[in-house]
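Enquirer: Using the hints, put the two chains back together into the complex; each one sits in its own frame.
Protein sequences, first through last, are from chains A and B. Using the numbering used here, the first residue of the first sequence is number 64, and each one after it goes up by one. Using the numbering used here, the first residue of the second sequence is number 303, and each one after it goes up by one.
By construction, these hints were calculated from the structure, which means they are not laboratory data. Treat the hints with care, since some could be wrong.
[What the hints assert, rightly or not] Listing some non-contacts, in silico: residues in chain B with all C-beta distances to chain A over 10 Å:
| no. | residue |
| --- | --- |
| 1 | Val361 |
| 2 | Arg380 |
| 3 | Ala405 |
| 4 | Glu434 |
| 5 | Lys490 |
| 6 | Ile531 |
| 7 | Ala535 |
| 8 | Arg559 |
| 9 | Val563 |
| 10 | Gly577 |
| 11 | Pro626 |
[What the hints assert, rightly or not] To give a feel for the contact side, a few chain A residues facing chain B, derived at Cβ under 10 Å:
| no. | residue |
| --- | --- |
| 12 | Gly87 |
| 13 | Ser90 |
| 14 | Tyr210 |
| 15 | Gly221 |
| 16 | Lys222 |
| 17 | Glu379 |
| 18 | Gly381 |
| 19 | Val429 |
| 20 | Cys673 |
All values derive from a computational prediction rather than experimental measurement. For every residue, glycine included, the Cβ atom is placed at its ideal position computed from N, Cα and C.
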Amino acid sequence: MSDPDAEHRERLAQTWAPRPGVLGWLSEVNHKAIALRYMVTAMGFFVLAGLLALVMRLQLARPGAHLVGPDLYNQIFTVHGSTMMFLFAVPVMEAMGLYLVPMMIGTRNVAFPRMNAFGYYVYLIGGLFLWVGLALNIGADVGWFSYVPLAGPDYSPGKRADIWAQMITFTELAALVAAIEIIVTTFKQRAPGMTLDRIPIVVWAMVVTSFMIIFAMPAVMVSSGMLALDRLIDTQFFNPAEGGDVLLWQHLFWFFGHPEVYIIFIPATGFVSAIVTTFSRRSVFGYLALVLSLVATGFLAFGLWVHHMFAVGLPEMGQGFFTAASMMIAIPNGVQIFCWLATLIRGRLLFRTPLLFVLGFIVIFVAGGLTGVMLAAVPFDLQVHDTYFVVAHFHYVLVGGAVFPLLGAFYYWLPKMTGRRLSEKLGQASFWLLFVGFNLTFFPMHQLGLVGMPRRIYTYLPDTGWGGLNLLSTVGAFIIAAAVTAFAVNVLWSLRRGAPAGDDPWGAATLEWSTPSPPPTYNFVRIPVVHSRYPRWTPLADPMVTTGLRDDLREVVITSMLDAEPTTRHLLDGPTIIPLLTALAVGVGLIAGIFTPWGFVIGAALVLPCLVAWFWPKGDPARELAEGRA
Amino acid sequence: MSVRARLRPARAGAGIALFLAGCAGPHHALDPAGPQARHIASLWWLLFWVALAVLLAVVIALLVAVLRGVATRAHSPREPGVVVTMTERGTVAAVTVAVGLTALIVLSLLTASALVGRTLAGLRSPDALSIEVVGHRWWWEIRYPGAAPSEQVTTANELHVPVGRPVKVRTISHDVIHSLWVPSLHGKRDLVPGHPGEIVLQADRPGVFNGQCAEYCGVEHALMRLLVIAEPADRFDAWLTAQRETPPPPTDPEARRGQEVFLAQQCALCHTIQGTPAGGRVGPDLTHVGSRQTIAAGVLPNAPEHLATWMLDPQSVKPGTLMPASAIMGDDMAALVIYLGSLR
Numbered sequence: 064m065s066d067p068d069a070e071h072r073e074r075l076a077q078t079w080a081p082r083p084g085v086l087g088w089l090s091e092v093n094h095k096a097i098a099l100r101y102m103v104t105a106m107g108f109f110v111l112a113g114l115l116a117l118v119m120r121l122q123l124a125r126p127g128a129h130l131v132g133p134d135l136y137n138q139i140f141t142v143h144g145s146t147m148m149f150l151f152a153v154p155v156m157e158a159m160g161l162y163l164v165p166m167m168i169g170t171r172n173v174a175f176p177r178m179n180a181f182g183y184y185v186y187l188i189g190g191l192f193l194w195v196g197l198a199l200n201i202g203a204d205v206g207w208f209s210y211v212p213l214a215g216p217d218y219s220p221g222k223r224a225d226i227w228a229q230m231i232t233f234t235e236l237a238a239l240v241a242a243i244e245i246i247v248t249t250f251k252q253r254a255p256g257m258t259l260d261r262i263p264i265v266v267w268a269m270v271v272t273s274f275m276i277i278f279a280m281p282a283v284m285v286s287s288g289m290l291a292l293d294r295l296i297d298t299q300f301f302n303p304a305e306g307g308d309v310l311l312w313q314h315l316f317w318f319f320g321h322p323e324v325y326i327i328f329i330p331a332t333g334f335v336s337a338i339v340t341t342f343s344r345r346s347v348f349g350y351l352a353l354v355l356s357l358v359a360t361g362f363l364a365f366g367l368w369v370h371h372m373f374a375v376g377l378p379e380m381g382q383g384f385f386t387a388a389s390m391m392i393a394i395p396n397g398v399q400i401f402c403w404l405a406t407l408i409r410g411r412l413l414f415r416t417p418l419l420f421v422l423g424f425i426v427i428f429v430a431g432g433l434t435g436v437m438l439a440a441v442p443f444d445l446q447v448h449d450t451y452f453v454v455a456h457f458h459y460v461l462v463g464g465a466v467f468p469l470l471g472a473f474y475y476w477l478p479k480m481t482g483r484r485l486s487e488k489l490g491q492a493s494f495w496l497l498f499v500g501f502n503l504t505f506f507p508m509h510q511l512g513l514v515g516m517p518r519r520i521y522t523y524l525p526d527t528g529w530g531g532l533n534l535l536s537t538v539g540a541f542i543i544a545a546a547v548t549a550f551a552v553n554v555l556w557s558l559r560r561g562a563p564a565g566d567d568p569w570g571a572a573t574l575e576w577s578t579p580s581p582p583p584t585y586n587f588v589r590i591p592v593v594h595s596r597y598p599r600w601t602p603l604a605d606p607m608v609t610t611g612l613r614d615d616l617r618e619v620v621i622t623s624m625l626d627a628e629p630t631t632r633h634l635l636d637g638p639t640i641i642p643l644l645t646a647l648a649v650g651v652g653l654i655a656g657i658f659t660p661w662g663f664v665i666g667a668a669l670v671l672p673c674l675v676a677w678f679w680p681k682g683d684p685a686r687e688l689a690e691g692r693a
Numbered sequence: 303m304s305v306r307a308r309l310r311p312a313r314a315g316a317g318i319a320l321f322l323a324g325c326a327g328p329h330h331a332l333d334p335a336g337p338q339a340r341h342i343a344s345l346w347w348l349l350f351w352v353a354l355a356v357l358l359a360v361v362i363a364l365l366v367a368v369l370r371g372v373a374t375r376a377h378s379p380r381e382p383g384v385v386v387t388m389t390e391r392g393t394v395a396a397v398t399v400a401v402g403l404t405a406l407i408v409l410s411l412l413t414a415s416a417l418v419g420r421t422l423a424g425l426r427s428p429d430a431l432s433i434e435v436v437g438h439r440w441w442w443e444i445r446y447p448g449a450a451p452s453e454q455v456t457t458a459n460e461l462h463v464p465v466g467r468p469v470k471v472r473t474i475s476h477d478v479i480h481s482l483w484v485p486s487l488h489g490k491r492d493l494v495p496g497h498p499g500e501i502v503l504q505a506d507r508p509g510v511f512n513g514q515c516a517e518y519c520g521v522e523h524a525l526m527r528l529l530v531i532a533e534p535a536d537r538f539d540a541w542l543t544a545q546r547e548t549p550p551p552p553t554d555p556e557a558r559r560g561q562e563v564f565l566a567q568q569c570a571l572c573h574t575i576q577g578t579p580a581g582g583r584v585g586p587d588l589t590h591v592g593s594r595q596t597i598a599a600g601v602l603p604n605a606p607e608h609l610a611t612w613m614l615d616p617q618s619v620k621p622g623t624l625m626p627a628s629a630i631m632g633d634d635m636a637a638l639v640i641y642l643g644s645l646r
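Here chain B stands alone, though its shape is the one from the complex (with noise of 0.2 Å):
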C-alpha cells in the first residue's frame, strides 16, 4: 500500500518533468529501470513534496508579512525605528515550534535517507555477474572475467548485462578520475586511481540505456558515453558466447586486403583484434567491433560512413581524443571499412 502510495505522485510528477523536458532521451534518473533506481526515484519523490511543502510555507509566511507590511507600512524612513525590549511572547512561540519542525523534517529526512542507503547496500546475490569496467580518456573499456583466459571477453563502451540478475562492477582507472553513471540503473560511482570500487546495478526491463563520465576528466570529458544493453539471460549467454569466439580469418577478399591494411598500418599499435598479430593495449579492443551499435564512446552510430570519417578525422568528431588520424586512402580504406564492419 505505501508503495503504491508512494508512487502515485511519482508518475504525475514525472509526468509534469517530461513535459517540461520536451522530448526526454532514454537516459532518466526519474524512469527507473532497475531496483537501485527505483528506490532513489522514491526518495527523491519523498524529498520533492517534503521540499515543496516547506517552501510554500515560508513563502506564505513572507506573503504574509508583505501584505500586512503594505497595509502598516511605513512610508518614510524618518518614522523611527523602534528598539522592543519587552519578550514577544508569540513571536517566541511561533519560532520555536518552526525550528522544533525543522529539526523533526530534518531528522526524518535522515532516517529515510539512511534506510533507502541500506535498501541499496542490500542488493547482493550469489549469482551475481561480475564486470570490471575500466575508465580512459575518453571511452569506457568493459571486461567480462572468465575462467580461463580465453573465456575472458573484452569490449568498449557497450556494456551488456542480463535483466534481472544483479550485477557487481568492479571500478578501475589508471589514469585521471571518471565516474561510471548510467542514471535509468543506479547513482554514480567514481572510478578513482589506486581505489578499486565496486557498484552494484540491476536491469528490470530489456532495454538500451544511456551512460555518461560525469567526473571531468578533461578535453573530451562531455563526450565519453556508454550504452547499457540489456537483455532476457538467453540472450544475453548468446552474446557473451559469440564475444567469446576468436573471428575466423576473413575470406571476402575485400576484407582480406583490410585486414592487411589494418596489420600493416599504425592501427594495430594500439587496438587488439584477436586472431591476428595486432595487439596494442591503448584503445578499444576491436575483436568484434562490427557487433557494437555506436563508435568512438557512444558518439556516432557505427556505420560504415562514420567508421571512415573517425579514422581519417578524428578530431573532428571529437576534439582533443588520443585517436590518432590515419592517412589510410581511397580502395585501402573502403577495405579497412568492410573488414572492421565484417568482425560481428
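Only chain A is shown next, with the shape it has when bound in the complex (with noise of 0.2 Å):
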C-alpha cells in the first residue's frame, strides 16, 4: 500500500517547516501558529480579568467594604473592562479569523505571513505592558473610556493614563494588521471555484468585522494619539481653558467604541451560523438574508455613537437621528435570530456541546438586544445610563453574544486545532454552569441600575438598600468562575487524554474538516476546486484539486476576487525572526514615548534597521532552488 502522495506530502512538509529550536519558534510565521499563541494569550488575559470581576465583586457583596480601596478598585474596574475590549475579546475573534480563514477558503497560508507575527508581538507588548502597570499600583485608572479632563494632565498626573493610552496604540496597531491580512486572504486566495456566494458566513463575518476595524480603530488610535500628546507635550486639544474641546474625545472615541462591540459580535454571529448549520444537519436558511444582515449591521454600526453620550445635552434633533439609528439596527440583528431559527425548526438537531452554547446565546443576547433598544430611548436612556442597568445589558450582549459563541466555537473546532475530543459531559456542565452562573450575576444588575446604582463606585452606603442584590450578584459570579474552571480543565485533559478526533468529527460542510486534525503546516496536500457552499455535503465533482503548484516553494494560488478564477501563483514568505525585532523596536519606541518626546526618536532609529532587513531583496528563490539542484 504505497501513498501516490507521499513524496508529495513529504515535500510540503519540508518546504513548510518552521525552523528547529527556540530561535525557530520566536520566527514562527505560520497562521495556525500565531493564531494559536493569540488564542492562548487571549484566553489567559480574559482569565486574569475575571479575576479582578471577582475582586470587584467580592468588595461590592456587601455596603461599606474594606477589601480594596478606591484607588486601587479604579485600576481595577479599569483593567478589567480594557482588558475584555482590548486584549481578549477583539483578539480572540480575529485569532480565530487567523486560524479559520485560511482552513476554511482552501489556501496554505495569510497573505501576508510575516506582518501577521508582527502583530501578535506587538498585541503581546501592550497588553503585558497594561498588566505590568497594574502590578506595580501605577495600573491605569480613568476608566476603559478615559474621559477627559480626568485622564488629562491636570487631573492624572503620573504616568497610569500615558499607559492606557499606548496599549491603544499597541492593541488597535495588531487589529488592523490582522483585519488587513483577513481581508486580502479572503479577496485574493480562495480556492479555485468559491465564488463569493459560496464563502461559508464565518468568513463573511470576519471580513466585515475586518473591514470595521480599518474604519474604527484610527478614530481611538487618533483620539488616544491626541491624549498623549496633551499629557507629553502640553498640546490643547481638550482643554477648555484654551479652547480645547472634552467633547471631541467622546465623539472620536464613541465613534469608534459602538462599532467596537460590533467588531467583537458579528464574528460570533459567524460561529453561530457554523453551528447552527452543522448542528441542525442542513444547510442555514436564508444564507444571502445572513450576510446582508451582516453588512447591514456593520454599517448601522457607525451611527450610532451618540447613544453614549445622551446626557451631554446634545442637540435635541441630532439625538433622533441617532435614536433612529440605534433601534434600527435591532432589524438586521432581528433577521439573523429568525434564520438561525428557521434552521433549528427546520433541521435535524444534534444536541452537542456547541449547540447547547448556541441555544444559550440566543436567549440571551435577545434580552441584551432588547435592553439595548430601551437604551436607545433618549429619556428612557437618561435614567439609566452609567448605571448597573447598562452594566447588565452589555454583559449580556457581549458575554451572552460573544462569550457563549466563542466558547461554542472553542468546543466545536477545537478538536480540529488539537486533534483530540473534548469530553461532552463536562462540556455540557460548563455550559450549564456559566447560564445559570450568568443570569444570576447579570440579571439583577438590571434592577440595581433602576433602583439608582451608578457604575464605576467602588463602594455604597448600607442606606441605599443595594446590598442583597449585590450579593446575589457575586454569589452568580462565582459560578461563571466554576463555568470557566471546568471549560479549562476540558480543554488541559482532552489534550493529554482526549479520544483522537478525526478528520471530521461533527460531520460538517466546510473545507477545514477535510484536513487531518490537527492540520498539518501546509494545511491541504492539494488545494481544492469548490463547486458548492457546502462542499462536504454535495456529492464530488471535476475538477477534484487545482494541479501546478509547487510543492517546493511556500507557493499558493491567487483567484480572482468575485468568482476565484485562478489568476496567479504567489510565494510567501517564510521564518524569519524580523517580524519580533520590529515589534521589539516599535515597543520601545512606544514605551519609551510616555516618558519623553525623544522616545519616538529612538523608536524610528530601532525600526529603521528593522525594516531595511525586511525588505531587503530576496532575489529569485525558484532560480536559485533551480541553480542548486543543478
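Expert: Here it is as C-alpha cells:
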C-alpha cells in the first residue's frame, strides 16, 4: 500500500516546516501557530480580567466593604474593562479568523505571514505593558473610556493614563494588521471555484469585522494619540480653558467604541451560523439574508455612537437620528435570529455542547438586544445611563453575544486544532454552570440600575438598600468562575487524554474538515476546487483539486476576487526573526514615548534597520533552487 | 383612561421591583416624585412589556425548535447533512412576517420615545426657579442667584426646591465631568467643563430624595452624593430667607472660641463663612453648615462626633478626598464643632 501522494506530502512538509529551536519558535510565521498563540494569550488575559471581576464582586457584595480601597478599585475596573475589550475580545475573535479563514477558503497561509507575526508580538507587548502597570500599582485608573479632562494632565498626574493610551496604540496596531490579513487573504487566496456566494458565513463575518476595524480603529488611535500629546508635550486638544473641547474626545472615542462592540459580536454570529448549520444537519436558512445582515450591521454600527452621549445634552434633533439608528440595528440582528431559528426548526438537531452554547446565546443575546433597544430611547437612557442597568445590558450582549458563541466555537473547532475530542459531559456541565451563573450575576444588575446604583463605584452606603442584589450577583460570579474552570479543565484534559478527533468529528460541510486534525503546516495536500457552498455535503465533481503548484516553494494560488478564477501563483515568505525584532523596536519606541518625546526618535532609529532587513530584496528563489539542484 | 391603563401594570411591576430589591431606599427611578421621572417611568413600563413579549416569543420559538429537535433528532454526526435547494415557502413567509413585526415594533417604540422626549422638553414655566449646580471633586456647590449679590445664596450638597414649581438647574463644572442624577425627579445631566447645560426638574410631593454623581469623576466618585429636599412653597421661602441672612457673631463663649480656631487654622483658606474674614472658595461654603442634614457630600449625618471625625481624619471617611486632615486637638476641636453647629 503505497501512498501516491507520499513524496509530494513529504516535500510539502519540508517546505512549510518551521525552523527548529527557540529561535525557530520565535521566527514562526504559520497562521495556525500564530493564531494559537493569539488565542492562548487572549484567553490568559480573559482569565486575569475575570479574576479582577471576582475582586470587584467581593468588594461590592456588601455595603461599605474594605477589601480594596478606591484607588485600587478604580485601577481594577479600568484594567478589567480595557483587558476584556482590547486584550481579550477583539484579539480572540481575530485569532479565530486568522486560524479559520485560510482553512475554510482552502489556502496554505495568510497573505502576509511576517506581518501577521509582527501583529501578534505588538499585541503581546501592549497587553503585558498594561498588566505590568497594574502589578506595580501604577495601573490605568480612568476607565476603559478614559474621558478627558479626568484622563488629562491636570487630573491624572503620573503615568497611569499614558499606559492606557499607549496600550491602545499597541493593540489597535495589531488589530489593523490582522484585519488587513483577513481581508486580503479572503479576497485573493480563495480556492478556485469559491465564488463570493460560496464563502462560508464565518469568513464573511470576519471580512465585515475586518472592514469595521479599518474604519473604526483609526479614530481611537488618533484620539489616544491626541491625549498622549496633551499629556506629554502640552498640546491643548481637550483643554476647554485653551479652546480645546472635552466632547471631541467623546465623539472620537465612541465613533470607535460603538463599532467596537459589533467588531466583537459579528465574528461570534459567524460562529453561530456555522454551529447552527452543522448541528441542524442542514444548510442554513437564508444565506443571502444572513450575509446582507452582517453587512448592514457593519454599516449601521457607525451611526450609533452618540447614544453613549445622550446625557451630555446634545441638540434633540440630532439625538433623534441616533435613537432611530440605534433601534434600526435591531432589524438586521432580528433577521439573523429568525434565520437561525428557522434553520433549527427545519433541521434535525444534534444535541452536543456547541449547540447548547448557541441556544443559550440566542436567549441571552435577545434579552441584551432588547435592553439595547430600551437604551436607545433618550428619555429612558437618561435614567439608566451609567448605572448597573447598562452594566447588565452590555454583559448580556457581550458575554451572551460573544463569549457564549466563542466557547461554543471552541468546543466545535478545538478538536480540529488539537486533534483531540473534548469531554461532552464536562462540556455540558460548563454550559449549564455558565448559563445559570451568568444570569444570576447579571440579571439582578438591571434591577440595581433602576433603583439607582451608578457604575464605577467602589462602595455604597447601607441606606441605599442595594446590598441584597449585590450579594446575589457576587454568588453568581463565582458560579461563572466554576464554569470557566470546567472549560479549562476540559481543554487540558483533552490535550492529554482526549480521544483522537479524526478529520471530521461533526460531519460538517466546510473545507477545514477535509484535512487531518491537527492540520499539517501546509493545510491541504492539494488545494481543493470548490463547486458548492457546502463542499462536503454535496457530491464530488471534477476537477477536484488544483494542480501545478510547486511543492518545493511556499506557493499559493491567487484567484480573482468575485469568481475565484485562478489567476496566478504567489510566493509567500518563510520564517524569520525580523517581525519579532521590529515589534520589539516599536515597543521600545512607544514605551519610551510616554516618558520623553525623544522616545519616538529612538524608536524610529531602531525600527529603521529592521525595516531595511524586512524589505531587503530576496532575489528569485525559484531560480536559486534550480541552480542549487543543478 | 390611557394613563390609568398605563399606571396599573406599573404599580404591579413596582411591587415586584421592591420585593426583589429587599428594602429599596428613597432613591428610585420607578418611584417617581415629579412629572419628568413619571413620564420616563411610564415609558419604561411600555418598553418593559414590549420587550418581555418579544423575549417570550423568541423563547417559545426556541422551545419549539428544541422539542421538535428532540423528536426528530440526529443521533450521530455521521448522519449526512442536507443541502436544501428548493425555496422553503412557509419558512420564508414566517421569517418575513417576523422581520416586518420587528420593524413595526421598532417604529412604535421610536415614536413613543420621541413623544416622551418632547413632553420632557415641554416642562417650561415663566416662574421657574433658577438654580446653579457646580460639580466639584467630590461635592456639589449649589447657588441660588439673587437680584443683588447679598441675596445670592451658596450652599453645598443639598438642593432645596419648592414643591410643584419647575426648577431650572444650570449645570456647570470647572474640573472634570460630573453628572447630576436624582432618579426620583429626572434622568441625568452631565456637567461638562466648557459646556454649561440646563435641566428642568419638578417635585410634586414634599420629601427628601437621594441623588448621586453618575459620571466617573475620580477616586471618590462613589461617595459624591446629594440630597434634594422638596418643601411646600412657604417653607422653601422661609429656608431661602434664612440662608440669605449673615449669621450673627457668636455670643456663646465656646462658639466664640470655635470661631477663633476656625480663623486661626487652615480652614479659612478653603472655606467661606459670611460675616467673617473666611473667604476661601476651594471647599464648600459653610455659612449655614449647621442647618444641613449631612456632611462630606451626603456621607455622614451632620452630628458633632461626625464633624470632628471628618475634620481630624477625612481620609478614613473618604479615602482620596481633597479635604486635608487638621491637627486641631481637645478643647479647640470641641469649640470648633460647637461653632460650626451654631451656623444654622
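Enquirer: Decide, hint by hint, whether the structure agrees.
Expert: Now the hints, each set against the structure:
1. Val361: violated, 6 Å
2. Arg380: violated, 6 Å
3. Ala405: violated, 6 Å
4. Glu434: holds, 15 Å
5. Lys490: violated, 4 Å
6. Ile531: holds, 16 Å
7. Ala535: holds, 27 Å
8. Arg559: B/Arg559 is indeed farther than 10 Å from all Cβ atoms of chain A, at 34 Å.
9. Val563: It holds; B/Val563 is separated from chain A by about 30 Å at its closest Cβ, greater than 10 Å.
10. Gly577: holds, 33 Å
11. Pro626: holds, 17 Å
12. Gly87: violated, 37 Å
13. Ser90: Where the cut-off is 10 Å and the nearest Cβ of chain B is about 38 Å from A/Ser90, the hint is violated.
14. Tyr210: holds, 6 Å
15. Gly221: violated, 13 Å
16. Lys222: Check failed: Cβ of A/Lys222 comes no nearer than 17 Å to chain B, outside 10 Å.
17. Glu379: holds, 7 Å
18. Gly381: Because about 12 Å separates A/Gly381 from the closest Cβ in chain B, which is outside the 10 Å limit, the hint is violated.
19. Val429: holds, 5 Å
20. Cys673: violated, 40 Å
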